[in-house]
Every structure is written in structure tokens, then in C-alpha cells.
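Engineer: From first to last, the protein sequence lines stand for chains X and F.
Every letter in the first sequence is one number past the one before it in this note's numbering, and letter 313, counting from 1, is 313.
Every letter in the second sequence is one number past the one before it in this note's numbering, and letter 105, counting from 1, is 1105.
Don't take each hint at face value.
[Claimed, not checked] When the alpha-carbon atoms are kept at most 25 Å apart in a straight line, the in silico SDA-like pairs for lysine to any residue are as follows:
#1 F/1330 to F/1192
#2 X/153 to F/1246
#3 F/1268 to X/268
#4 F/1314 to F/1338
#5 X/135 to X/154
#6 F/1059 to F/1232
#7 X/277 to F/1232
#8 X/104 to X/54
#9 X/217 to F/1201
#10 X/149 to F/1122
#11 X/104 to X/327
#12 X/217 to F/1199
The hints are simulated quantities; they were obtained by calculation from the structure and are not laboratory data.
Since the model is a prediction, treat every value here as computed from it, not as a measurement.
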Amino acid sequence: MFHLKLTNMTNNTPMLPDPGSHLQRKACNMLLVLLAVVFTCFSAGTNRAFAQEQKTKVIYFLSGIRDHASPTVGGRHDVARDMLVLQRCLDSVANIKGVKIVTKYLAERSALNIEDLKDVDAVIIECSSVSGSQKRTHPLLPPLPADAKTYDKATMAYLDQIDSLQAAGMGIMILHWGIATEKNPPATARYMKWFGQTSLEVYTQNPLGFWKVSPVKGSENHPILRGVNPWVYKDEIFSRMVGNPGDPYRTDLLMGESPASNMGVIAPRGIASAYEKGKARGILWGGMDFHSALLNENYLRFIMNEIVWVAGIEVPKGGVKTNAKGLQMTGINTSFDNLKPADLVLK
Amino acid sequence: MKKIKYSIAKAGIIVILAFAGLLVSQPAVAQTPTKTIYFLSGIRDHASPTVGGRHEVAKDLLVLQHCLDSVANIKGVKIITKYLAERATLDIEDLKGVDSVIVECSNVTSSQKRTHPLVPPLPAGATAYDKATLKYLNQIDSLQAAGMGIMIIHWGIAIENPSPAYYPIRDHYIKWFGQVGYPGYTQNPLGFWKVTPIKAAEKHPILRGVNPWVYKDEIFSRLVIFPGDPYRTDLLMGESPETNQSEIGSPKGVISPRGIASAYEKGKQRGILWGGSDFHSALLNENYRRFVLNEIVWVAGIDVPKGGVKTNAKQLQLAMINKTYENTKKPEGYIEPKLPANK
Chain X
1 MFHLKLTNMT NNTPMLPDPG SHLQRKACNM LLVLLAVVFT CFSAGTNRAF AQEQKTKVIY
61 FLSGIRDHAS PTVGGRHDVA RDMLVLQRCL DSVANIKGVK IVTKYLAERS ALNIEDLKDV
121 DAVIIECSSV SGSQKRTHPL LPPLPADAKT YDKATMAYLD QIDSLQAAGM GIMILHWGIA
181 TEKNPPATAR YMKWFGQTSL EVYTQNPLGF WKVSPVKGSE NHPILRGVNP WVYKDEIFSR
241 MVGNPGDPYR TDLLMGESPA SNMGVIAPRG IASAYEKGKA RGILWGGMDF HSALLNENYL
301 RFIMNEIVWV AGIEVPKGGV KTNAKGLQMT GINTSFDNLK PADLVLK
Chain F
1001 MKKIKYSIAK AGIIVILAFA GLLVSQPAVA QTPTKTIYFL SGIRDHASPT VGGRHEVAKD
1061 LLVLQHCLDS VANIKGVKII TKYLAERATL DIEDLKGVDS VIVECSNVTS SQKRTHPLVP
1121 PLPAGATAYD KATLKYLNQI DSLQAAGMGI MIIHWGIAIE NPSPAYYPIR DHYIKWFGQV
1181 GYPGYTQNPL GFWKVTPIKA AEKHPILRGV NPWVYKDEIF SRLVIFPGDP YRTDLLMGES
1241 PETNQSEIGS PKGVISPRGI ASAYEKGKQR GILWGGSDFH SALLNENYRR FVLNEIVWVA
1301 GIDVPKGGVK TNAKQLQLAM INKTYENTKK PEGYIEPKLP ANK
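Excised from the complex, chain F in its bound form (with noise of 0.2 Å):
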């Protein structure tokens, strides 16, 4: 009889426990987070059609994709993303529920073709922006201003037509970013730019994990910012001793020290402007490719982890190393960039 009462008692325990480890399990699911980046790239009409390796708008972010699917030291966030190419909608209805856009794209003001996953040029012969579309803008700055962080890379960070027509764009950036191109002003030197961190915003989550770095890219740069503003972080200087552009006041071709990368925090509105990334090999670096990693993270609203973000992405290529501009000056410390072993 007692052996019985035990066993009756025993089994009570289990079911109780197990029930109780159900009750517990079904909260932790439900409450990892789950978030959504999207990764939107323009048309690639900016680039030699038969040569790779610049301007690779949609392979520089499947490569980016495929290492935030393989991070590795993201813990309690479920990420989820998705890749789209040339989107053209002038709506928000595939935008809803998303936590960040990531564009790679050309200037918006570059062609009459849609070039801009988020921005339509304006049509020929217009003169001003019809009323759905300033109502769809709108809408992105309500969607941003709930949280969904947006991030664009490169030649997309320009609006170069210096027409009143384009300049609800241009305010829209200031509002998305906190800065923008400034026609005339901003530039993009291509050649070997030696990369170093803000010391003041070392602290700032996108810089975790990222040292100084030398390597090979065209940096729209000289965006114009304004004084006093408390929401946007300068992250990155950047300096060339030689590139194809020059600046008034330094020796032909060299850059020197100037502002490259910020990143705004407004509310719960995360904005990026990332003037490089024209040679894809660009992401063979592991400084440079962290800090793109840690700003795809932020401007999704993750935590960045200590060291930055890690991935164990293996294919960091899609296109070959494009050895154009080779023969200019390069900073100390460039490493050729090499791909990694595979294993």
C-alpha cells in the first residue's frame, strides 16, 4: 500500500511539473522578439554591365543578408529577413510590420527610371511631386517614426538634382537622417581611405568591436548636417592621401579628415546615410564589414552585442575583386583584401 500511495504521489509530481514546464515554455516563446529587415536594391544602372565588383547594389546586400541569417552572437532576437530587388510601389502596404529597410540603390535624381526603392523620381516634365506621393513619403515618416529604422548605402544617399522640384526629397532625408547631399557640395572620392572611429562616440552601440581600417572605396561624403543638432552621432572620419577628387585648400587629390558616417536617434526613428560600399570586395574587411553589420542591427531597433556583431557567413563574395584604381597612393596598414578560405 505505501508503495502504491508513493508511485500515485510520484507520478503527481511529474505530471504537475511537466504541465508547469509547459505552462513556462509557451511565455518564452511568445516573448523572443522577432524582427524583420528588409533589404530593398535599386536598379543597377551605374556600372559597367559585364564587369562585377562595383555598384553590386543587390549582390552587396544578399552578401549582408546571408551574414545577418548567420550571425553569431545575437541571443534572444528572432531575425527575419527578406530580400526584394527593385522595388517600385508607392504605397506602405509591404512595409507594415517592418523593423528596418536596408536600400543599396542609385541617386534618385540620377534617371527617369525608378531607380530608388523608396523614392520615385519625378516624372518628365513635371515640376513638383503629385499629392499621393508626398502623402506616401509621409507615410514612410509615420512608419520610421514608429520604429522602423531606415538605412541606405551609397549613391542613394545623394539627391545631385539641384531643382526646387526635388526638394520635398531632400527634406524628407533631413527628417530620415538628419542630414543630406548637398548639390555642388558633396563629394565622392574614390581611392584608399583610411578609416578611423569618433573617440567621442565610442560608446555608441554601432561602433562595438570596430577598429580602424584601411581599404579601397568611393565615399559619398561632405554630407551637410546641422550645428546643435542632439539627435545624430558622427561615428566615423575618414582621410585619402589620393583619390580622384580634390578639395579646396588641400594638395590635388588628397582628402583630408573629414566626417563619413553619423547615425540619428530620434524617438524610436533610427536613420543611416552610408555613403561607401561601391566595391563589393569592400566587405571582405572585417572592420568595415562589422561596422555595416552593427549598423543594419541598430537601425533595427537589436541590441548590438558587445564586440559587435559576428557572423559565420562563409560566401562573402558574389562577384569577383575588382582591381580598378589600384595604382593610387595607399594609407599604412591596407591589407589586399582575400577570400576567405573555403572550409
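Looking at chain X on its own, in the form it has when it is part of the complex (with noise of 0.2 Å):
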């Protein structure tokens, strides 16, 4: 605080300003504050200035083809429905400043080239296992053609250009099913490069039922764990990935366990890292089949932070909120219900 002191030079007396004049020189302050404020704020240079700080973050949301799910009961496996709603939430986000969010979203992408993908910040991915079919289920990689082990080198050469765009910053993130690379060795061998995990045939599994999902305490300062608390609620979530031991990449975030799913008693597991090797950042996230979830206001945070954060956006103070109204775009499937602990409370 700067205080003036008025004091008479001659004496050292203490001067008393005449009130009036005191009110009028206070106006006339204020107005010249005003008009210095207005004149910033309007000025050619401010605006300039302001939209060249202002950065520009372009998110892709892909879906593959939707082949595993009912045709005609919704709910499962909603690949694009997914994909949508989180577009929505993050074109109606509530407390993320500084930061222009451009979103764009594309159904069933098929290009073996990186044309379509430059300049992204972040590709957010929800599909099948490259190994589903022998159509081209997943946005980013091709099914490997029947008896091969490996791909040829122009798709190998396409693989080497994806990793070039993730180590320049463009975050990858793969939802559900599209985490695993059952049968299909490069594949396996990028998901480890791209995320510092992948599955492992057989050993990794989706139990489905109602988990219990809470935090890995040491990861509390994660930016992804920003305003997430444990939540309860039903899903397939494909788990027990495999990573490297002793790897400084990556953060656990997440752990999880069933009293009751398709796959028995789930005694607690890590189901969610998240990985960040110099400017590369990527997330597998193998939850996410049922479409309700998004109800979840935990879980649609902790998805929404892993959004922004791998697109290399701050994840605000509390997480990310938004004020989307249509969390729903589809049915709520009430499938498997019945497995629900009577003393479990969803939450």
C-alpha cells in the first residue's frame, strides 16, 4: 500500500485538505483510470497481442466401427455416441482460460498417412482391438493381414511418422477395447512406445460388474487427479495391462476392484496410467463400455482431465467442468444389473 502523506514544509504540521477539493481531485482520478483502462482494453495492439497469446489446442475424437455391440439395443459400446458427448463436454467447458479449444470429430478413419493429423493436438480414440477383426476397426492402425507378423514398410514407415507426431506433442489416448493388441506384435511394440503399457493375450482381462475405483495415493499431485474422488459404478474395463518395470514415465493413477463381475471376485489392480516421455504424452484407458458412465460425475471429470492433459492443456484447479446438458445420447443399458451387490452403494 502507498500512503500520502500531505504535510506543510514550513512546520511539519500535518495539512487538512479541503474536503471539497479532496472529492473532486478523487472523481477526476478515477475518471482518468477509466479512460486509460478503456483505452487499453480497446487498442489495436491489446487485442493483437491478446490473440497471438491466446493458444490454440485442436482435438480429434475417432471412433471405429462399432462391430462388437448390439445393432439394435444401445447403450454398449457406443463408440461414436462416446466419442460425441466428450466433444460436447469440452466445447462446453466451464473453467478452462487462455486456451482455444477447437474439437473436431470423425467417424471410422482409414488413411495409412499423417496428412489428416498434423497440426492435432491430441487424438482421442474409442474402437475395437486392432486384432477384432480383419476390417479396419481402430482410427490409427490397420489390422495386420491374415498370417503376417508384421506389417509391410509403408505401414511401418506410417507408424514411424505417428511416433514423429506424438514425440512433437500430439497426445494420443485409446479407449476400451481399442487398448488391446492381442496377436499383433508391432502393434504391441508401439503401444508400449506410445503409452508404456499394453495387454498381454490372455492375461489381460475386461470383468465386467460394478468396481470400486479410487485413486493411487502418491499420484495425488497428477494433474488427471485434479477434483477426482473414488467413485462406484458399472463397467467393462479391460485391465491387468503390462508395462515396463522401473519406468520413469509413467504414473499409476488409478486402482480398481470388483466384489462382483462376469470374471469373479477383482482383488485390487492398477487400471489406469498415464505416460510422459519429454513432450509425448499418452493414456490408455480400458473402461469406458457402458455409455451411462458418463453419468458419473467422477468419472467424466477424471475422463476429461485425461482429455485436456494429454492434449497438453492444464487441467484447471478441481478438474475440468463443463456445462454440457446432453450427457446421454442413447438408452441407459441396464445389462448386468443383476450383479450388483445389494450393499454397494453407486456413487
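Take the two lone chains and join them into the complex the hints point to.
Structural biologist: Structural data, given as C-alpha cells:
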């Protein structure tokens, strides 16, 4: 605080200002300050600087074909609708300032070049396993030709280019069954590079049931966990992924357990990690079977935080909040509800 | 009279003290715990039969056994060691009462012969293990759960055949060690390695007295683990400026820092996979040898002494120093291994 002390220079006694003139001076000063603020705000230079300083982040939402769910009953493996709701949430984000977020949704990408991915800050993908079909299910990876043990040179070169994009800052996030790469060794090797983890054939599981999910102690300071509290919900979570021991780039984020799943009791296991190596960021998230999971506030915040983080955007304090209203684009699927133990409280 | 009385009393006290001494010494003997450690080598099927110093599965274990038999700083535990070559049984009778098995061998899927002292290969033409073998593997689970530590060294850590027929072995490895080799992903780069203890694990008993070291080895690494596994502690990082293998994203031959050693502990169960120990001469490196001896002691449930295991063993080599692969880049700090002076 700066205090102006008025004194009489000759006898050093305080001068009492005239009340009327003091008020006039104060009003005059306020007017000058207001003019200066208005002038600054509307000047061309400031506008230009502001526009230059505001970063733009481009996030692509890519869904594969919906080949692994009932064509008539919705609410599961809703790869497109899940992506569209998440896109809507991000378009209506409430608490991210200083960044202009541009989103785009693309269905069934099948390119084998990176032209459409240049200048993209993150790709968020929900799809079936790359090995799930001889059709192209995966927006980034083609299926391995029948009886082939690896991709041809052109495909390997394309994957090298994706490596380069990620190393330069294009985050990659893959949801649900797309995290699996069974019977596809080159895809497995890329996943290890992009995400620091991958699936292990027949060992990685997808238990479907009611899950208790808790943030991992020791990772509380990771941006993705901002505003994320434990939650209980129904999901099929691809889990028992494998990673590298001693990997300094992977942070384990969530533990999950299920008192009752279609694979029995699931003891606590790591179910989510974040991978960051230089500018490269990657996430595999094995949940997101039921569209209705997005109605769970903590789950939704966790996913939104992941998307924002993988795009290189600062996750706001308290986690991402959205003003989006339409969080469901299909009916709530109530299958497997009978697995819920009577004493389990959803939260 | 007085003198006689005094002598009788004195004699009585002496007798009582002697008797008490006997009573005290008996429980002391009974209380000294015994730990039995078996060293099991497989067949040496993956090395030159004429040139020694590599894949010396028997000689490596015999040196380690000798080191443990001559241990200098473990008190209050009687350690009994036994060496067995080419164990081929499919029952656990010989393993009952054993506190740990230390195994060095070839990969279980590498041959139709039995290479692995614990695990048999799949019989020719079979598409799955038979019930008896699966039962035997479950019995090993039980032994480990009850406290029989298992440590496997070098190529034996890998299950390289990707056939689903080998998934039962893979899944037992996961159970025993919390990690496993991944066919097509796990590597075995050979070169000069710089090995560094992981800071966050510095309080783990296995790292007592273990400082960074540089040496020549082929280390089976890029094993896979389970994110968030609370039972595994990652112990060592390793890197190499030049090896005979490459990894995506690094210049040819360069191995960037990767986790190369972990310890697994779940209840009474302890397990270790150690992918190094190709060159017999590695045992001449003090930090390397201490690390491996600490592992052996820890996996047997013995407290690793402060400063790590020290041994008075003199004969640390049973084969020549193998000089192959000497022409690759050596990280700073490399010291040529030398035989200890005969005293």
C-alpha cells in the first residue's frame, strides 16, 4: 500500500485538505484511470497481443466401427456416441481459460498417412481391438494381414510418422477395447512406445461388473486426478495391462476392484496410468463400455481431465468442469445390473 | 568345619551354574534358525562346448554357492547350501523344507530337452500341459506361498514361445515374480552396461551396499510388469551406449535407461527374475556380486546385513574370462575384471 502523507513544509504539521477539493480530485483521478483502462482494452495492439497469446489446441475425436455390440440395443460399445458426448463436454467447458479449444469428430478413419493429423494436439480414440476383425476397426492402426507377423514397410513408415507426431506433442488416448493388441506384435511394440504399457494376450482381462475406483496414493498431485474422488459404477474395464519395470515416464493413477464381476471377485489392481516422455503424452483407458458411465460425475471428470492433459492443456484446479447438458445420446443400458451386490452404494 | 561347609556350598553353586549353563545353551542351539538354499542349474545347451565363460550355468551357481558358504557377515542363521545339476523331477518331494531355489538355465521353450530345473518343456506334439504337470506347478505355488523363495537367472527368465500352450507357464511366472518376458518384446542386449540402483528403492534390503557399476553382460530385459502392483519393487536401471540390439526411438545399438531388476514380495512369498549373468566374469565385479548375493539371501528370507553380503570366498572364477564382444563402447567407469590374487 502506498500512503501519501501531506505535510506543511515549513512547520512540518499535517495539512488538512479541503474536503470539497479532495472529492473533486478523487473523482478526476478515477475518471483518468477508467479512460486509461478503456483505451488499453480497445487498442489494436492489445487485441493483437491477446489474440497472439491465446493458444489454440486442436483435439480430434476418432471412433472406429461399432462392430462389437448389439445393433439394436444401445448403451454399450457406443464408440461414436461416447466420443460425441465427450466432444460436447469439451466444447462447453466451463473453467479452462486462455486456451481456445477446437474439436473435431471423425468416424471410421482409415487413412494410412498422417496428412490429416498434422497440427493436431491430441487424438482421442474409441474403437475395437486392432485384432478384433480383418476389417479396419482402429482409427490409427490397420489390422495385420492374415498370416502376417508384421506390417509391410509402408505401414511401418506410417507408424514411425505417428511416433514423430507424438514425440512433437500430439497426445494419443485410446479407450476401451482399442487398448488391446493381441496377436499383433508391431502394434504391441508401438503401444509400449506410445503409452508405456500394452495388453498381454489372454492374461489381460475385461471384467464386467460394479467397480470401486480409487485414485492411487502418491499420485494425488498428477493433474489428471484434480477434483477426482473415488467412485463406484458399472463398467467393463480392460485391465491387467503390462508395462515396463522402473519406467520413470509412467504414473499409475487409479486402482480398481470389483466385489462381483462376470469374472468373479476382482482384487485391487492398477487400471489407469498416464505416460509422459518429453513432449509425448499417451493414455490407455480400458473402461468406457457403458455409455451411462458418463453420468457419473467423478468418472466424467477423470476422462475429461485425461483428454485435456493428453492435449497438453493445463488441467484446471478442481478438474475440468463442463456446462454440457446432453450427457446421454442413447438409453441407459441396464444389462448386468443383477451383478450389483445389495450393499454396494453407487457414487 | 567352617572350611568344609564353605567348600560344599561353593561346589553346589558351581554345579547349579553349570547345569543352568547347559539349560541355556540347549535352547540357544535350538533357536539358531537354519536356512536351506538349493542352487539348481539346467543343461548348458546354449554356449560353445569348447570356449568357456558364457552361459556357465553350473559354474556360476557353484561360485555363488561357494560365496555363500564363505559368507563373512551373516550371524544368527545357519545357512545350508546344496547344488543340483539338471533337476528333472516333476514332483516337489525334493523341495520340501527348502527355503529358496536359485535357478540358472536356458529358456523353457528353447529345446525339447528339459532345460529348466523347475519347469518342463511341452512334450513334442502336445498342445497343452497334462494335468499332472499343472498340478505339480500348483504345488510349487504352494511351496512359494509358504516361504520357499524362487530366483531365476539369465535366459531362464524368458518364455519365448508365443504359443498359448505355454500360457500356464507364463501365468505361473506372473504369480511367482510379478513379471514375465513378453515374446517379441523382451530383449537380451549384449554390451557394456551401466547399472544404477533406483533411488526410490534405496531402502530395499537387496540394495544394501550396492553402488552403481559398469560391466559386460547380456541382460534379458524389457520384461513386463503390472501397473500399480504393490508387491513389486523395482531395483535397478540399466543402459548401454552400444549393444548388439536396438530399440525403437534410440540410435542403433543404444539401449536407453530401462528397469532391469525387481523384487517381488507378497506375504511370505518372495520371487526374483534376474536377466543378467551371461558372462561368468561378471562375478568378479564387487557390486554386481554383492547385488546377486543380496538377492539370494533376501529371497531365502534371510535378513541382508548392513552394507550387503560379504564373502571370504577366494575362488570367484571356475572358467576363463571370456573376451568376446570387447570392441563395443564402454560407459565411463568401466574397470577390467581381474582375478583375485591368490593368498
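Engineer: So, against the hints stated earlier in the document, which numbers end up violated here?
Structural biologist: 6
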